[in-house]
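Engineer: Using my numbering, the first residue of the sequence shown is number 466, and each one after it goes up by one.
Wrong hints could be hidden among the right ones.
[What the hints assert, rightly or not] Below, in silico cross-link-like pairs of lysine-lysine (DSBU-like), each with a Cα-Cα straight-line distance of 30 Å or less:
id	residue 1	residue 2
1	973	795
2	480	540
3	655	602
4	602	480
5	540	501
6	501	480
7	795	930
8	602	501
[As the list claims (entries may be wrong)] DEER-style ranges, computed between Cβ atoms:
id	residue 1	residue 2	range
9	903	848	39 to 45 Å
10	987	891	52 to 58 Å
11	1056	927	27 to 33 Å
12	700	595	41 to 47 Å
13	1067	789	26 to 32 Å
14	976	662	49 to 55 Å
15	701	723	48 to 54 Å
16	891	481	42 to 48 Å
17	789	1056	47 to 53 Å
What the hints contain is simulated information worked out from the structure, not anything from laboratory work. Heads up, the beta-carbon is just placed ideally off N, CA and C, and yes, glycines get one too.
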Amino acid sequence: MSETRIVAVGFHRLKGLLQALVPAYRAVADVGVLDKGFDEAVADLRARQVDVVVAAGSNGAYLRQHLDVPVVLVKVGGFDVMRALGRARSISPRIALVTYGGVADEVDQFDRLFDLGIVQRSYTTEEDARDVVRELKALGIEAVVAPGLVADLADEAGMVGVFLYSQDAVREAIDDAIEIARIGRIELAKRERLNTVLGQLTDGVVAVDLQERIDNVNPAMARFLGAPAEALLGRTLSDVAPELSLRTTLRDARDEPEQIHRHGNRTLVASRMPILEDGRLTGAVLTCQDAVSIHRVDRHLRARQAPREASARYELSHLTGTSPAVLSAKARAEHCARSQATVLITGESGTGKELLAQGIHNASSRRRQPFVAINCAAFPETLLEGELFGHEEGAFTGARRGGRAGLFEAAHTGTIFLDEVGEMPVSLQTRLLRVLQEREILRIGATEPIPIDVRVIAATHRDLKAQVAAGAFRSDLYYRLNILGLSLPALRDRLEDLPMLFANLLDKVATRVGLPATPVAAVAREVLAHGTAYAWPGNVRELENIVERLVVHGNELDRGPEALQSLVPEWFEHAPVVTLSGQSREAGVRHVRDVLAACGGDRALACERLGISRTTLWRRLQGNA
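The whole structure should be built from the sequences, with the hints applied where relevant.
Structural biologist: Next comes the structure, spelled out in structure tokens:
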């Protein structure tokens, strides 16, 4: 823990007391003395890293109003007052007591009881202090007990100023400041631990104070609310998301579990509860779960209650296309099928990585054995561990009686396909590495490993080398996975396959939905013209989606070009409208050249704006795509 930093602000006579005490605290805190007041002190302190400030009188009150750090005021005790009044009385019977903020009733009572003739006055500003000193001078007062500012003014006016604060009072204030700093550090450490825990949750969590101002929000909730946490702190939750309001919870101080709300394009399951500290309401907390995640887990649990057939449906022949990139991928996949080594398939989402994995399995000697697939990005870490490795009975609360086999055991003698392996948490990467090295798994809660015979095929759309460099993926696991590497091209990089893909998907979709393919086939030329000018960020999966959209709304296609623009607006966002007059290719080339010119000839920038690769840019400039 770093050293506690205390700044004691004092000038006039208080400065001397502070400087005399500072050396005694060197072993426990860094205590510094600042002999500035008001605005100068505020500016200086804001520029420093300070835990607590110690000050007195009007200066201390001003600092409390203008600083965010705690300010401890030097307090004057009854003994301090009596001692200072005694010193003043030894100087003259005509004495006055001047205090900051208001007069002391106790001194008034003491004065009346013993008939001491003490004149009491108070001040709040320096101008008030000067007026008080002038008044006391006019009254014939000869000794003035007061804080440093007034005591100095009394000396200047020809009276005797007796300093009100004692060394004990200053020492007590410094001790209090050190204790406040210590408690503050403990609370900060607790908050940091809590924030670390909240940051790992997939559920969204937001806490508010009594005015419903957001004072804590975890990353999951920030994503739900669509703004970074820093921008949400201090805002009223009802203003940010009215449907998620906590006002009723704050008003009634009662729990409201599992209510369904629509926020933006998400359906959230929200639970509310008041925050009570020592029986006193201090705020409220809201937790939210994405309904999609709940449905996913529910489907997973229900699917596990009944046996399922672990088999692969696709052959390598189902990878459609005659482009060099596709033919190369097929040929390499056939070679991979003859081996038992681990395969790593890379490619963007929607390029057909699982299809290729199933094709390798069905072309291998394991074709009659199980093919088990799991998407590593679809489960939180705790569920994914149980899915992959299984658990023993009693391994955790809710564990199935008799235990349960994991997917590695289910894939024994066959193939396991780890889709989106780049999303696997680092802690599970270590366990996967052991499986690849030792060919055995250890269930959760077990002590004895289970030998397995499994061929592993992994896939990712991420750059695993970059993840290794960033420390997000283990390098030893990467080299264990990347023994046989395959890469699937993006659709925009093999547009020559578009006509064949379109025809195959049209037949497949029309058969599946039970609608005729004829209306779509009639505009195939226009569809393909637009397709060759589009970047296809969703690849073949996106093409299939668009084909299904066209088949379902086929009765609208006879309206001409505007029908396509209505049904597939994404084609027209970054490309010119292609007419039915056969001029689409020329318009596309003109568009590409215009963008390139606007980028000053920078091809990389032009590719980024068009959403295409350098190869596609070159082909389009040649008028070939």
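Engineer: For every hint, state whether the structure bears it out.
Structural biologist: Hints and how they fare:
1. 973 / 795: holds, 22 Å
2. 480 / 540: holds, 16 Å
3. 655 / 602: violated, 55 Å
4. 602 / 480: holds, 26 Å
5. 540 / 501: holds, 20 Å
6. 501 / 480: holds, 10 Å
7. 795 / 930: Distance ~24 Å between residue 795 and residue 930 Cα, so the pair holds.
8. 602 / 501: holds, 28 Å
9. 903 / 848: 39 to 45 Å: violated, 24 Å
10. 987 / 891: 52 to 58 Å: This hint holds: roughly 53 Å between Cβ atoms.
11. 1056 / 927: 27 to 33 Å: 32 Å Cβ-Cβ, so the 27 to 33 Å window holds.
12. 700 / 595: 41 to 47 Å: holds, 45 Å
13. 1067 / 789: 26 to 32 Å: For residue 789 against residue 1067, whose Cβ atoms are near 28 Å apart, the range 26 to 32 Å holds.
14. 976 / 662: 49 to 55 Å: holds, 51 Å
15. 701 / 723: 48 to 54 Å: Since residue 701 and residue 723 have Cβ atoms about 24 Å apart, the given range 48 to 54 Å is violated.
16. 891 / 481: 42 to 48 Å: violated, 58 Å
17. 789 / 1056: 47 to 53 Å: Check failed, 27 Å falls outside 47 to 53 Å.
In the structure shown, a violation is registered for the earlier hints numbered 3, 9, 15, 16, 17, in ascending order.
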